[in-house]
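First to last, the protein sequences are chains W and H.
When we follow the numbering used here, the leftmost residue of the first sequence carries the number -19, and every step to the right adds one.
When we follow the numbering used here, the leftmost residue of the second sequence carries the number -16, and every step to the right adds one.
These are calculated hints, taken from the structure and not from any lab test.
Certain hints may be false.
Said to hold, decoys possible - For the chain H half of the interface with chain W, some residues (derived, Cβ under 8 Å), not all of them:
(1) S(-14)
(2) I(-10)
(3) T(-6)
(4) E(-2)
(5) L74
(6) V77
(7) I80
(8) Q82
Unchecked claim - Computed footprint of chain H on chain W, listed as stretches where at least three residues anywhere in the stretch have a Cβ under 8 Å from a Cβ of chain H:
(9) 22 to 35
(10) 58 to 71
What the hints assert, rightly or not - Take a look, some chain W residues computed to stay more than 10 Å from chain H by CB distance:
(11) Y(-9)
(12) V46
(13) P50
(14) G93
Note that beta-carbon positions come from the ideal geometry of N, C-alpha and C, so glycine has one too.
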Amino acid sequence: MITVSGLSKSYNGKKVVDHVSFTMREGNLFALLGSNGAGKSTTIKMILSLVKKDEGIIEIPGDVSVGYSPETPYFPPFLTGMEVLLYYGELQKIPRETLKEECGALLSLVGLGEEKTKIKFYSKGMLQRLALAQAMLGNPSVLILDEPCAGLDAMGRIEMIELIFKLKKQGKTILMNSHILSDIEKVCDEGIIMKKGKVLRRFTKNDLKGEESLETIFTKTLNGGMQV
Amino acid sequence: MKSSAGIIMKTALKERMRRKELYIIAALAILLLFLCSSDVTSITMNGEAVTGFKNMFWVMHALVHFVGCVLAVVLSLHTIPKEYERKNSHLVWVRNIRQEAYHGGLALANVCASLWAAGILYAALAVYAVAKGHGEVLLPMIPAFLILSLSISFVSLFVSVMSIKFPVMAAGIFGAAVMVFGVFHGMMELFKNMLGGLGGKCMSFFLFLVPDLNGIQNAAYRFATGEGIKVHLVFVMLFALWMVSLGLFVFRKKEA
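Using the sequences and the hints given, assemble the complete structure.
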């Protein structure tokens, strides 16, 4: 569905993404794993054209629409969740007649409801849910989630992962970047482990069916520095 | 279907209006106006106390204009840089919105918020006029405010455009410099004549570049008090506004 090949990016002569290649398959959840500074977020930003790539090819078919949830979502604090969704929906040129209904449904889906609470009173978990809701505006076929569980407490993480799993079951193709391996393990179909901009290992759901947990694979890969 | 800039402006303005800061600043400015107009303080010009409604109204009008311009700088300086700092811009770019539409919408929201704050001050000035028994200025004050708003809009738009290209500190310095040169245009002209040499030439250059905001303020005052105005000043100001707005299309901002 989305193919990335030979993607590279340097900042001030330092390579932060180094010839990264992968393919996301329709209906799958693809995970980008790695420690801080591995180049996960930069890779995501290049796919979204938020950062200019130095080299490589990103192929996204013309009929594929993409929704994006940022790592640290910030929304205007004096607006309500509904107003935020209406704002982004209008920017997306979603017809006004269907927009309000769609925003209401999305807020219900992420468990926020049509409450009148202003964003400034939102918890971190509520902000992440709202970020996910705005990513789903216009019913995109691909969702790109940058650290959707960042800053959430245990319960918040469980709820967020359940939500992502629900979206996957609905047929969404998801690219997700996370530090929390146990979360990824529950929902992902395949992924890559990155270190210092390079892909060290590729894995699929089948690799996780054995005795090795994703955490073991991750630790072994990073310590061993195996490269594919 | 609404334009992207219009949608961005509407939302940014709605957010602004709900914040308390705009009203606190305006309340403080009104308090300042009240203090200046009360018997507690006396305003002197050339060593003589300013008395009589017309003189006091002129002073207060100039004060409203000055405070309005200061508020325009304060309210417009951070809007665009903060959008980038908080990465709000990313959620806009992924929706294929062009930079000029994004910046244009935010700059328009700045202009509207600045005019709203100036409007509150102008309303306080109207209350002052009525309290002094000069209700006849109320009606002409409405178009007079439109004239004055050209000056406030210019300062707000200029600072917004500068904040696209330059860091906040530099944009603030440029904005304050333009405001001071514009608001005290007449005084600066005198200063330029006194200076001479290279300093005088530099002053001449700045005064040529910066529109006469004081002239606009005077025009608004004259309109409010039923005197004639120099229309060419209004056209010069409209031209200056158009020139500055070009910056929205020319200047590009890099992601933080």
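Against the structure, the hints:
| no. | hint | verdict |
| --- | --- | --- |
| 1 | S(-14) | violated (10 Å) |
| 2 | I(-10) | holds (5 Å) |
| 3 | T(-6) | holds (5 Å) |
| 4 | E(-2) | holds (4 Å) |
| 5 | L74 | holds (7 Å) |
| 6 | V77 | holds (5 Å) |
| 7 | I80 | holds (6 Å) |
| 8 | Q82 | violated (13 Å) |
| 9 | 22 to 35 | holds (count 5) |
| 10 | 58 to 71 | holds (count 7) |
| 11 | Y(-9) | holds (12 Å) |
| 12 | V46 | violated (7 Å) |
| 13 | P50 | violated (6 Å) |
| 14 | G93 | holds (21 Å) |
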